[in-house]
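Add chain B to chain A, keeping to what the hints say.
If you're matching them up, the sequences are chains A and B in order.
Going by UniProt numbering, the first residue of the first sequence is number 1, and it counts up by one from there.
Going by UniProt numbering, the first residue of the second sequence is number 1, and it counts up by one from there.
Don't take every hint at face value.
As the list claims (entries may be wrong) - Below, in silico cross-link-like pairs of lysine-lysine (DSSO-like), each with a Cα-Cα straight-line distance of 27 Å or less:
{"id": "1", "chain 1": "A", "residue 1": "Lys243", "chain 2": "B", "residue 2": "Lys468"}
{"id": "2", "chain 1": "A", "residue 1": "Lys155", "chain 2": "B", "residue 2": "Lys468"}
{"id": "3", "chain 1": "B", "residue 1": "Lys293", "chain 2": "A", "residue 2": "Lys232"}
{"id": "4", "chain 1": "A", "residue 1": "Lys245", "chain 2": "B", "residue 2": "Lys275"}
{"id": "5", "chain 1": "B", "residue 1": "Lys298", "chain 2": "A", "residue 2": "Lys273"}
{"id": "6", "chain 1": "B", "residue 1": "Lys274", "chain 2": "A", "residue 2": "Lys243"}
{"id": "7", "chain 1": "B", "residue 1": "Lys230", "chain 2": "A", "residue 2": "Lys91"}
{"id": "8", "chain 1": "A", "residue 1": "Lys245", "chain 2": "B", "residue 2": "Lys475"}
{"id": "9", "chain 1": "A", "residue 1": "Lys234", "chain 2": "B", "residue 2": "Lys294"}
{"id": "10", "chain 1": "B", "residue 1": "Lys293", "chain 2": "A", "residue 2": "Lys235"}
{"id": "11", "chain 1": "A", "residue 1": "Lys245", "chain 2": "B", "residue 2": "Lys468"}
{"id": "12", "chain 1": "A", "residue 1": "Lys5", "chain 2": "B", "residue 2": "Lys393"}
{"id": "13", "chain 1": "A", "residue 1": "Lys234", "chain 2": "B", "residue 2": "Lys306"}
{"id": "14", "chain 1": "B", "residue 1": "Lys274", "chain 2": "A", "residue 2": "Lys245"}
{"id": "15", "chain 1": "B", "residue 1": "Lys275", "chain 2": "A", "residue 2": "Lys243"}
{"id": "16", "chain 1": "A", "residue 1": "Lys155", "chain 2": "B", "residue 2": "Lys306"}
{"id": "17", "chain 1": "B", "residue 1": "Lys306", "chain 2": "A", "residue 2": "Lys232"}
{"id": "18", "chain 1": "A", "residue 1": "Lys273", "chain 2": "B", "residue 2": "Lys293"}
{"id": "19", "chain 1": "A", "residue 1": "Lys91", "chain 2": "B", "residue 2": "Lys381"}
{"id": "20", "chain 1": "A", "residue 1": "Lys273", "chain 2": "B", "residue 2": "Lys230"}
{"id": "21", "chain 1": "A", "residue 1": "Lys243", "chain 2": "B", "residue 2": "Lys306"}
FYI, nobody ran anything at the bench for these hints, they're computed from the structure.
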Amino acid sequence: MRREKVDVLIVGGGAAGLAAAISATKEGVKTVLLERDRSTGGVLNQCIHNGFGLHVYKEELTGPEFMERMWDELKEDVIRPNYTVLEIKPKTREVVTLSEEGLVIFEVKALVMATGARERPLSSLQIPGSRVAGVYTAGVAQKMVNIYNRLPGRKVLIVGSGDIGLIMARRLKIEGMDVVGVVEIMPEPGGLIRNVVQCLEDFEIPLWLSHTVVEIHGDQRLNAVTIAKVDKNKKPIPGTERKIKVDTLVTSVGLIPQNELIEGFVEMDPINKGPIIDEFMRTSIKWIFAAGNNVAIHDLVDFVYEEGKIAGYYAALISKNEKLPDSDKRFLRGQNVGVLLPQRFSQKKSFKIYLRPLKSFKKSILKFDDKVIRKFNWRIRPSEMIDLVVKDFNNFGPNVTVEVNEID
Amino acid sequence: MKVFIVGAGISGSLIARELSKYDIEVHIVEKAPDIGWGVTKANSAIVHGGYDDPPGSVRAMFAAYGNKLYDELSKELDFSFKRVGSLVVAFKEEDMEYLKELKKQGRENKVEDLEILEKTELKKKEPNLSDKVIAALWCPTAGITEPWDVAMAAIENAVENGAMLHLGESVKDIVVKDGKVSKIITDKAEYKVDVIINAAGLFADEIAKMVKVANFEIFPRKGEYILLDKKLKGLVNSVVFPTPTKKSKGILVVPTVDGGILLGPNAVDLPKEKKYDLSTTRDGLDEVYVKSKKLVPKIDISYTIKTFAGLRPETKEKDFIIGPTKVWGFVNVAGIRSPGLTAAPAIAKYVVEKIFPEDLKINLQRKKHFNPYRKKIPNIKEVGLEEWEKLVKKDPRFGRTVCFCNNVSEGEIVEAIRRGARTLDGVKFRTRASFGRCQGGFCSLKIMEIISRELNIPIEEIKLNYEKSWIMDGKVRV
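Just chain A, same shape as in the assembly (with noise of 0.2 Å):
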């Protein structure tokens, strides 16, 4: 068992991790990326399409190339792949990993979560029927196109229209499958409205809002599933049932933040399903920061990347000793405030924050207290993260309720 001493121990190679790295090297403090995979990158290398980067570096890159810049800020070797965390030891400050040369334990001064997200597994909804090969998830189905060069099938139905299903909806039907649809148990697209119109209007592929697939057929491989119509509360309409031929499912229903390695003493945000955090991106414990996708799902990696660079540069100051304020202050949940962070702040000074409203507005304001912040004469939805800078917060208590309200 070998033992290393670190100032910044940085967990995970994605967007996150990396903009960490860059931010904390940056301080000169030592660090050290630990990757589980053999390479960094994360779900940045499978993503061959282009759209990422336009906020960080003012140009629409591809997965690998938003990667390679990332890798070009990087001036320091600290990237080890092949790395899996086993334990985080919060008392202690060890973090204990296991790799090719055995295992080593890490003595760290500051750690960043860096952890991502995975995919939700169509087999935890359980929907009835045969249990066949032919199911896959979006990330599946992606990896196995861009990286494998293989095909999952000849037709395709794609259950879920988050932002990977929609963009493997459109990279199926460019590879030669026959796309069926696109079925969505909301009534809203579950992904970015520039998604649906560039992967599916652009590509006419149908998209079939407020359905869900009720039963998988199929002897060994998937040979048909059953859809339907859901009510308003998400449940199948009898009599709507449609039996479509396909081969092949691919499921994009949802993304759940990694935090098995902290939940269990770290405070939670059971809305964001990751850390509660504050401006610095610091957990409730004063060493450990988190940025990314196991903090709350983002829509963009240009976000990720952002968070990233904070937690590496405040958790490298920390690891040289330096004091930050505490963040005594609450964002509470108001009316209609999903996703919300960070949930916590300490200070005066500048800082963004994002959420989600719960529902779909037409014309909106959000409010601080009673205080509005923002007025939205744009459609505001669930699926599109809204990122604001928030300036002054002289005027608040403690305590400051975020809400979001429909206005004509």
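Quick look at chain B alone, frame taken from chain A:
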């Protein structure tokens, strides 16, 4: 002396292992591509106490004894087995009568240490049980295991001791000559044979028909299950049964050996032709949820990892059919419904130590060099960190994690392939890779890559499980 066992499920596997202790030629023919993929694969994975089988039934005779054999067996074959105990809970006064009856029945079946626990004691043991439970029958000797693992371990050990395994080979006919079995004909070959053990699970009636001794029919009884995430570990510590009905032991809440929680099964009788129907149903899953929540109200199915169904081989007799037939050399081990997993080690001993010498008058000679031990594929959780490090130093592939949810390394996957895994499910059931909460999202393609490399076959030829369960459909670009 040549013995053919039809079926590599839990019964066939343990019989093969028991027979491999003797100087005879043992063959196992299994039509599925792997071991334990029939009835054995999908059940509640419980080693029952043995109190709930009617005294005098064949089931009762084997269950209580089979349970006792599990300690030694699990040590020799190195599979996971935990005596977590079981509770049959009572909600109302009438149920109490049932518990007393079960306890009495248990005593007749020679099940020891049964006791009826009152509410306060019960709550200490299982704090998450429903407040409406008034008492329960506690059976400390009940246990949990992984049935497919028991079958795989038994076969590995049998093969180590000289038995021959024929996977993906299905029995088409059996030739009887002068009232004796003489030949077994499969889709691949013909073999001369002296004894046939019919351990064909759901299909045992069809095998028996080949020698015209079938006086029983097997119909499938479906049981649906919901598997919950390991995050709920400790929700229950022991196997929790409701008071049983005539048809089944009811829907249970069971801890799995690796820390998950299993809910189920319901019981739906299917027509004879539905022996391949492993589909789940909306009604079935709802029933499992509602009834298990009655036992443990805290159950939260948003933690579902997967749902699945299994089939139990039922007969009209509702009992095991074990014994020789009027065709000499043809032995039935059929209708092995619940508690088949519990009974299997006892059945195996009975077949070899009683049926062979007494019914068939075959004197088996003990092998001089029988090796009773099999080692499981090492896993970091069971081996411990220090031992694991030694393993990594010897072979760095044990330091490279492939399945992140269950911490399965490349070394384990390579070892599973060396031991016979040819498919994704083959690897999954040997190592638990892709058995976790992401259900293979991160690792299934990597596992395919490793299988492809180790077996030197194109990646698109790898199947999920059976022959037609293809995963990839050729190249995108040449």
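For each hint, the structure was consulted:
| no. | hint | verdict |
| --- | --- | --- |
| 1 | A:Lys243 with B:Lys468 | holds, 21 Å |
| 2 | A:Lys155 with B:Lys468 | holds, 17 Å |
| 3 | B:Lys293 with A:Lys232 | holds, 26 Å |
| 4 | A:Lys245 with B:Lys275 | holds, 24 Å |
| 5 | B:Lys298 with A:Lys273 | holds, 20 Å |
| 6 | B:Lys274 with A:Lys243 | holds, 21 Å |
| 7 | B:Lys230 with A:Lys91 | holds, 24 Å |
| 8 | A:Lys245 with B:Lys475 | holds, 22 Å |
| 9 | A:Lys234 with B:Lys294 | holds, 25 Å |
| 10 | B:Lys293 with A:Lys235 | holds, 21 Å |
| 11 | A:Lys245 with B:Lys468 | holds, 17 Å |
| 12 | A:Lys5 with B:Lys393 | holds, 22 Å |
| 13 | A:Lys234 with B:Lys306 | holds, 20 Å |
| 14 | B:Lys274 with A:Lys245 | holds, 22 Å |
| 15 | B:Lys275 with A:Lys243 | holds, 24 Å |
| 16 | A:Lys155 with B:Lys306 | holds, 25 Å |
| 17 | B:Lys306 with A:Lys232 | holds, 26 Å |
| 18 | A:Lys273 with B:Lys293 | holds, 24 Å |
| 19 | A:Lys91 with B:Lys381 | holds, 22 Å |
| 20 | A:Lys273 with B:Lys230 | holds, 17 Å |
| 21 | A:Lys243 with B:Lys306 | holds, 23 Å |
The structure meets every hint from the earlier list without exception.
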